[in-house]
Every structure is written in C-alpha cells, then in structure tokens.
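Visitor: Under full-length UniProt numbering, the letters of the sequence shown match residues 1 to 294, in that order.
Be careful, since some hints might not be right.
Okay, derived cross-link-like pairs now, BS3-like style, lysine-lysine, Cα gap no bigger than 27 Å in a straight line [as the list claims (entries may be wrong)]:
id, residue 1, residue 2
1, Lys55, Lys110
2, Lys264, Lys110
3, Lys288, Lys110
If you're looking for bench data, these hints aren't it; they were derived computationally from the structure.
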Amino acid sequence: MASKALVFLLLLLPLALFSVFSGSAEAQGLTVGFYNTTCPDAETIVYNEMSEIIKNAPSLAAALLRMHFHDCFVRGCDASILLNGSETEKAAFPNLSVRGFGVIDRVKAKLEQACPATVSCADILALAARDAVTLTNGPSWAVPTGRRDGRVSIGDDTNQLPPPNVPSISDLTHTFACKGLSAKDLSDDTLDPAYAAKLRAKCKSDTTLVEMDPGSRSTFDTSYFELVSKRRGLFASDAVLLQDPQTRAYVRGYASGCSSEFFKDFGESMVKMSSIGVLTGTEGEIRKLCSARN
1 MASKALVFLL
11 LLLPLALFSV
21 FSGSAEAQGL
31 TVGFYNTTCP
41 DAETIVYNEM
51 SEIIKNAPSL
61 AAALLRMHFH
71 DCFVRGCDAS
81 ILLNGSETEK
91 AAFPNLSVRG
101 FGVIDRVKAK
111 LEQACPATVS
121 CADILALAAR
131 DAVTLTNGPS
141 WAVPTGRRDG
151 RVSIGDDTNQ
161 LPPPNVPSIS
171 DLTHTFACKG
181 LSAKDLSDDT
191 LDPAYAAKLR
201 AKCKSDTTLV
211 EMDPGSRSTF
221 DTSYFELVSK
231 RRGLFASDAV
241 LLQDPQTRAY
251 VRGYASGCSS
261 EFFKDFGESM
271 VKMSSIGVLT
281 GTEGEIRKLC
291 SARN
C-alpha cells in the first residue's frame with residue numbers, strides 16, 4: 001500500500017524504527033485472545049468486514065492505519081478520536097483529513113449484533129489496522145486485546161501529534177521517545193529537485209490528490225524506503241530520517257533488503273504503538289456506539 005501505506009508511513013513509520021518501550025503489551029494489561037470466551041468470533045467478524053471494505057475501497061487501508069496512529073499518539077489507544085463533538089479530537093485540525101470513521105461504526109454494529117457491549121472500539125481500531133495491512137499484501141501479527149474506551153476527547157490534545165514538517169531527526173525521535181517508542185519504530189529542503197518539479201507540474205490549482213508513492217497504490221510494501229533513500233519523500237519528517245546514522249541505516253536496509261525483515265519489524269512496532277496509554281480492567285467503558293459515550 002505504498003501509496004496507501006504512505007499516508008500511514010508518513011505518520012506511522014515515524015513508528016517503525018526505534019524501541020524504548022517501557023513494557024510488553026501484556027504488562028499493559030492486554031492479552032492475545034482476550035475475547036476467546038466472551039466473543040470468540042470477534043476477530044473473525046472484524047476481518048470479514050474489513051475484507052469486504054478494503055475490496056471495495058482499498059484507499060481506506062492506509063486511512064485506518066493513520067486513524068489508529070492519531071488515536072494512540074494523543075491520549076493513548078482509547079478510541080477518543082472517534083467521539084463526536086465540536087471540541088473533540090475528531091474535530092481538531094490535524095484530524096480533519098482523517099477518513100474511515102464509518103468503517104469502525106460498521107464493524108462495531110456487526111460486533112454488537114454478535115456480542116452486545118463486549119468488544120471495545122479501541123480494540124476494533126487495533127484489529128482493523130492490522131487487517132488493513134494484511135489485506136493489502138502486508139504482514140499479519142497477533143494483536144493483544146483488552147483495551148477499554150476512553151470517556152474524554154479534547155481537541156487541543158492533538159498538538160501532541162508530530163507535524164509532517166518536523167525540523168530535525170532529534171525532534172522526531174524525541175516525540176516518539178515520549179510515547180515509549182524508539183528509532184526502530186520511527187521508521188522540504190532535501191527533496192530531489194527533479195522530483196519536486198514533477199510534483200509541481202502535477203499539483204495545479206484544482207488538483208487535490210497526487211500519488212505520494214507512485215506505482216504502489218494498493219499494496220503494502222517497502223517502496224516508501226526506496227523513495228526516501230532517493231530523496232523523494234514528500235515531507236520533512238521523511239527527509240530527516242536520512243540525517244541520523246541509525247535511522248539512515250534502517251531506511252537503506254529496508255530499501256535494499258527483502259520485505260520479510262521490514263514486515264517483522266513493522267508488526268512488532270505496531271504492537272508497541274497500539275499499547276500506548278491503554279485503559280484496561282474497570283477503567284473507561286465499552287461504548288455501545290463508537291462515536292458517543294454511553
């Protein structure tokens with residue numbers, strides 16, 4: 001999904017390159033197979049719905065990854081991005097371009113039919129993000145579940161999200177380190193001039209959409225790293241990955257190596273990210289509708 005994976009990779013791959021995580025998902029109160037007794041078909045229901053959705057709208061794959069990232073990086077992975085309201089995260093400027101809310105509502109409705117008031121919206125987001133990758137020829141990984149949904153969503157909190165034009169690698173790594181993520185989870189001025197000219201020619205006055213990862217529209221792959229290594233990443237947050245020896249090594253390694261190493265690292269980083277600031281046990285709630293508190 002390199003072009004799809006790009007929207008996520010721009011935001012999420014500043015996530016597949018560093019690892020100072022403070023503890024495992026299990027240490028955060030999550031466990032693989034959390035719903036085995038209370039809703040044994042939960043993950044199958046999510047996958048089946050996602051399969052139909054991605055088949056008809058493949059561009060939603062990266063959109064859902066981005067949504068999951070934006071949720072986890074603000075108040076933790078508590079589905080606070082899904083709550084409606086004029087002052088919520090959903091209505092804040094960084095999230096105005098986030099898509100896929102209807103997908104989560106659709107999956108939630110199916111789960112409510114099968115297992116009322118059981119599966120959290122936060123877990124749906126984590127599972128849907130995993131399935132979005134798998135369904136676009138990417139890796140799969142075991143998703144620890146057991147998250148609870150938050151009751152608070154504050155638009156101003158979205159200033160914690162890293163901007164696309166982050167000034168330096170130290171700023172980018174600091175932002176991720178604050179969330180317990182390291183350089184392996186991280187995965188403009190330095191843009192190749194010829195490529196910049198090509199983009200300017202495409203981005204005419206009424207143009208709103210241009211492929212960020214040409215030729216890899218609906219497949220999850222490593223072409224993002226090939227573009228960054230050739231100075232064809234579109235954002236400053238891409239370019240700064242080449243400034244530091246450690247992140248530069250990851251970029252070049254993923255660009256030239258086989259996809260299996262990246263797939264493995266990506267799955268591990270996703271588990272780490274999806275465990276940030278989770279609510280478990282009796283914290284929060286299990287929403288009946290993902291867009292509203294109970």
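Visitor: So, for every hint listed, does it hold in this structure?
Guide: Hints, one by one, checked against the model:
Note on Lys55 and Lys110: the hinted pairing holds, with a Cα-Cα distance of about 18 Å set against a maximum of 27 Å. Simply put, Lys264 and Lys110 have alpha-carbon atoms about 30 Å apart, too far for the 27 Å limit, and the pair is violated. Restraint check for Lys288 and Lys110: the C-alpha separation of about 12 Å stays at or below 27 Å, so the hint holds.
When each numbered hint is compared with the structure, a violation occurs for hint 2 only.
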